[in-house]
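Engineer: Put chain B on the given structure of chain A with help from the hints.
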Amino acid sequence: MESAMPIIMVVVKVLLVIVAVLTFVAYLTLIERKVLGWIQVRVGPNRVGPWGLLQPLADGAKLLLKEEITVSGANKAVYILAPLIVVVCALVPFGVIPFAKGLGLESILGPSVSKYDLNTGVIADINVGILYIFGISSLGVYGVILGGWASNSKYSLLGSIRAAAQMISYELGLSLSVIGVLLLAGTLNLVQIVESQDSIWKWYIFRQPLGFLLFLIAGSAEIARTPFDLMECENELVAGYQTEYSSMKFGLFYLGEYAHLLFLSALTTTLFFGGWQGPFLPPILWFLMKMFFFVFVFVWIRGTYPRLRYDRVMTFGWKTLVPVGIFNVMATAFIYTLYLQYWRA
Amino acid sequence: MEAVLFYALAAVTLISGVFVVFLRRPVHNVLFMILTMIGLACLFILLHAEFLAMVQIIVYAGAIMVLFLFVIMLLNLDEIVMPPEHRRVRYGIGIVLAMMLVVFLIPVSRGMLSAPPTGASALPAGMTNTEIIARELFTTYLLPFEIASVLLLAAIVGTVIIGKRPTR
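Residue numbers (the numbering used here), protein chains in the order written: chain A, 1 to 345; chain B, 1001 to 1168.
Simulated from the structure, these hints should not be mistaken for lab results.
Not one of these hints is a red herring.
Covered by chain B, per the in silico footprint, the following chain A stretches (three or more residues, Cβ under 8 Å):
1. 126-138
2. 152-166
Quick partial rundown of chain B residues pointing at chain A, CB under 8 Å, derived from the structure:
3. 1058
4. 1062
5. 1063
6. 1066
7. 1069
Here are some, though not all, of the chain B residues that point toward chain A, as calculated from beta-carbon distances under 7 Å:
8. 1050
9. 1051
10. 1054
11. 1057
12. 1070
13. 1073
By construction, the Cβ of each residue, glycine as well, lies at the ideal position given by its N, Cα and C atoms.
Okay, chain A solo, but in the shape it has when bound (with noise of 0.2 Å):
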């Protein structure tokens, strides 16, 4: 029993987490619709449940209970694995977000849980977490462009290879802007550049303006949020590389979609606002309060911004994000470099 209970509490922590965020991507889709309305003046879902608050559930009913559809001519294997491999890229990653600075477990469960260093709030500390979340990030992709390609139609193809073009781009532009932060921190583990910003002026915010800035930027793009969704872009695509999808699958779709908006909002939060830093609240209060504060930034760049047009994007893309990206971790590198040399001597 005793060498057992490492591994029951990484599965209950596990547990936790994937509960917590496959509540919380529910009702992220209620909180956009209801954000959505009040930005375009009308009132949002409020028929199911007060103010709404069962809309969720009832999206899920609905979505189990339609008939499942294998197009004649998709290519059967892909068909299925592509809505799999979109949820597991996006789930996966948030195992190594620290949510909070101790889950408590001690009072619960007494001393022999800080014995197997099990009270971190982070499933995985690993020393390269955020090299994780890109590799992960960059598999991810293949869900998009292989569902794409195995449904079979036309509309589907196209968004599928916009998908592949406009993420290999801003997957670059990404990794760039988080160069900055990674130079400061001096290292890759998330935990530790979370403890690195102990009071509000170390946050990287503040030291990263502009690393922040094209991490926002691209970050949207990569997770395909309304200026950037062109892969979807329902005038020109039909519905993009999920046309040919319904019921469960298209719903897995959907699943993904919302758990890279919540990723992108914790991962955000652990890099420039300081994760679960902050006084008097309890760590995974101040946590969860940035996360949400910035899927609410996110609601709000759908509600204000129209999409872009392709080449647009692609342009701004290689033209504009990659060289201020470079500049940024040149000027970054530079003036830390000099502060080591001279000013901290």
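Structural biologist: Frame of chain A, contents of chain B only:
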């Protein structure tokens, strides 16, 4: 435990490698190649080389394979149908190349079989895998590292020049 994991991962990697060669649909080949890359990355993790594992996934499984898939989708390659003529010649070339590979691999495999089995080497205290790689790259292997970066830059410039249509 480690040995079991190693053999399982090695099996996945090798079997998907076999599928890469034998399947007829290019998209399936690419999918199994991705699986091979991920298997290799997991083997790196088993050797405590986390940094290499993640770079393997980002660069090979993430970026390069997306380009493969992109080209295959653009060309709309559905199934590879080998032409019936010259079948003998093709088999001959294949067998000769396989034999040559075996000949090249003999010294390597002899060295591997005679060496004592090793697991992951221990890290120096207080240093992560990433730090060690960074230190080695920027001290011991600085010159090859810089040469490789110049080579990559030249390749990028070359691609841009080829990709740019001459304007008249």
